[in-house]
Amino acid sequence: MKKYRRWQRILILSLLSFSVFAPILLVSQRLKTLTSIGRKEFIEDLANIKYRTDDLRLNAIEQEAAEELKGPKLIVFKEKDFSSVVSHSYNENGDSDQSGDARDASKLLEANVTETNDKGKEKDSHQIQQNKIQMNYREKEQSNQETVRHDQPLQSQSRRETDEKVKQMRDQLIRAKAYLSFSPPGSNSHLVKELRTRIKEVERAVGEASKDSDLSRSASQKMRSMGVSLAKASHVFPDCSAMATKLRAMAYNAEEQVRAQKNQESYLFQLAGRTTPKGLHCLSMRLTAEYFSLQPEERQFPNQQKLHDPDLYHYAVFSDNILACAVVVNSTIASAKEPEKIVFHVVTDSLNLPAISMWFLLNPTGKATIHIQSVDNFDWLPTKYNAILKEQKSNDPRYTSALNHLRFYLPYIFPALKKIVLFDHDVVVQRDLTGLWSVDMKGKVNAAVETCQGSESSFRPMHMLMNFSDPFLAKRFNANVCTWAFGMNMFDLREWRRLNLTTLYRNYLQLGLKRPLWKAGSLPLGWITFYNQTVALEKRWHALGLGYDSGLGLGDIEHAAVIHYDGVMKPWLEIGIAKYKGYWSKHVQYDHPYLQQCNIHE
Numbered sequence: 037m038k039k040y041r042r043w044q045r046i047l048i049l050s051l052l053s054f055s056v057f058a059p060i061l062l063v064s065q066r067l068k069t070l071t072s073i074g075r076k077e078f079i080e081d082l083a084n085i086k087y088r089t090d091d092l093r094l095n096a097i098e099q100e101a102a103e104e105l106k107g108p109k110l111i112v113f114k115e116k117d118f119s120s121v122v123s124h125s126y127n128e129n130g131d132s133d134q135s136g137d138a139r140d141a142s143k144l145l146e147a148n149v150t151e152t153n154d155k156g157k158e159k160d161s162h163q164i165q166q167n168k169i170q171m172n173y174r175e176k177e178q179s180n181q182e183t184v185r186h187d188q189p190l191q192s193q194s195r196r197e198t199d200e201k202v203k204q205m206r207d208q209l210i211r212a213k214a215y216l217s218f219s220p221p222g223s224n225s226h227l228v229k230e231l232r233t234r235i236k237e238v239e240r241a242v243g244e245a246s247k248d249s250d251l252s253r254s255a256s257q258k259m260r261s262m263g264v265s266l267a268k269a270s271h272v273f274p275d276c277s278a279m280a281t282k283l284r285a286m287a288y289n290a291e292e293q294v295r296a297q298k299n300q301e302s303y304l305f306q307l308a309g310r311t312t313p314k315g316l317h318c319l320s321m322r323l324t325a326e327y328f329s330l331q332p333e334e335r336q337f338p339n340q341q342k343l344h345d346p347d348l349y350h351y352a353v354f355s356d357n358i359l360a361c362a363v364v365v366n367s368t369i370a371s372a373k374e375p376e377k378i379v380f381h382v383v384t385d386s387l388n389l390p391a392i393s394m395w396f397l398l399n400p401t402g403k404a405t406i407h408i409q410s411v412d413n414f415d416w417l418p419t420k421y422n423a424i425l426k427e428q429k430s431n432d433p434r435y436t437s438a439l440n441h442l443r444f445y446l447p448y449i450f451p452a453l454k455k456i457v458l459f460d461h462d463v464v465v466q467r468d469l470t471g472l473w474s475v476d477m478k479g480k481v482n483a484a485v486e487t488c489q490g491s492e493s494s495f496r497p498m499h500m501l502m503n504f505s506d507p508f509l510a511k512r513f514n515a516n517v518c519t520w521a522f523g524m525n526m527f528d529l530r531e532w533r534r535l536n537l538t539t540l541y542r543n544y545l546q547l548g549l550k551r552p553l554w555k556a557g558s559l560p561l562g563w564i565t566f567y568n569q570t571v572a573l574e575k576r577w578h579a580l581g582l583g584y585d586s587g588l589g590l591g592d593i594e595h596a597a598v599i600h601y602d603g604v605m606k607p608w609l610e611i612g613i614a615k616y617k618g619y620w621s622k623h624v625q626y627d628h629p630y631l632q633q634c635n636i637h638e
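Quick note on numbering: the sequence shown equals residues 37 to 638 in the working numbering.
No lab work stands behind these hints: they were computed from the structure.
In this text the structure is predicted, and so the values were computed from the model without any measurement.
We treat Cβ as the ideally placed atom computed from N, Cα and C, and that holds for glycine.
One or more hints might be untrue.
[Said to hold, decoys possible] Restraint ranges, calculated between C-beta atoms of paired labels, are given here:
#1 Glu638 x Lys429: 34 to 40 Å
#2 Ala370 x Glu301: 36 to 42 Å
#3 Met500 x Lys426: 21 to 27 Å
Could you build all of it, start to finish, from the sequences and the hints given here?
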């Protein structure tokens, strides 16, 4: 009985073991078959795919080498294409239709191939993107160039739009302030508070817009808010006539303020123009002290025997400005082909005679001859001459100075000379002036550049400075006659003496003190003194306007023999036109110890 039970247990355990291990063996055998088949065919399929990928790359390389750059031909394999490739591979091996296990293996392999295909597509896509980038490189460059060309008009258009918005905001400010003026004094209503708040916001937005060309969204929002507030105010204050009256009053006050500002600006400009810079005062004092430390024999200039030689080229300048005289003399000598034939006559006042003399003693003129005189040493000049000149009504003392009117006494100052060229002290000589001495004077006294062309900034008709409503001028002079300029003039002193034009000048000066015939200054007196006695010079000899006109052509300036800083903005002043200062400053010795000590810099 015991043996029977024991065999029964063994049988049961054996059956249980067989039921457990039999499925395991069957499954392992089946997996082994699948693995061997799948591995072999999967390797073959990968080889086929690799060949396809190589074909793609070769195709792309061939297309890149073509004359025109084109993208590689894109070959996309769908799942059915890979299925056909796999099926074809299976048929070659003779295993595709032999068992259901092989079909299962085909499905497994198809999944693996699909994954590999995705990776290949990613690589091909990356190659295509690179090719597209290369293809579009030139197009991007062209697009960038077009963008740059279009940037400027877009910016200018944006600026115009911003200016228009700013103008609208300012109009809103005017209306809001007008509405505020309608409110009772001390009113603190909600509308008044709102208007005051909106005014502050819009004023802030206007200030920001003036600094930045782009108007922000917040500024536009403030404009809309102000518009709403103004609409409310228009309902509260519907009286249009009162509004119009208030706006007219505000416009009148604004015009008065603008007129006052312009007058103040003009006055300050004139004041700055006739004010001597601090550095020039310092330079004059140092040179004067140095001059008086010299012995009398050390104050003499060389070559004084040439002063009265009529066969030499004599130039004159009347000034009390040390640096201005130095530039006129230096530029003339530097431009001359024969500087040894040049004699320069500088006439100043007794106050500046030591300083100007010391400057040229420290800075000799080389082969040229220099002669410096004081107007106070001219005994033939009337004793009341300065007092007579000051009777002219002028706010600018330069127009009534003796040095300015001394030009009418040239035959008295240089009795031995035949001809002389007179410079204003605000000129720079850029060319050799030898040819000027051979100009045909045609029996006239004065040779000058004309200023009668209305298209030029130097245009000055006679009626601009003279009162032709007076019968004395209307009968004797033609208001439409061509005018001319001082600054660089050639004078025939022999013809001047013959016509006794200095006496004529004195008569006109006395007549002008009795009634207003012309504006103060030497130019209108020169026009009538040398009336019909002036010959025109070519424009190339004398360029005008560098002291007031910033729009002159640089070509005309550089080709002119003499350039003239006529006007208020002299090159030695801070208010001088910056782009013209270089022509003047290159003749100043800024490295001179006295200039450095007096803080005179370029």
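Right, here's what the structure says about each hint:
1. As the Cβ distance of Glu638 to Lys429 is approximately 38 Å, the hint placing it in 34 to 40 Å holds.
2. At roughly 37 Å, the beta-carbon separation of Ala370 and Glu301 lies within the given 36 to 42 Å, and the hint holds.
3. Between Met500 and Lys426 the CB atoms are about 24 Å apart, so this pair conforms to the stated range of 21 to 27 Å.
When each numbered hint is compared with the structure, no violation occurs for any of them.
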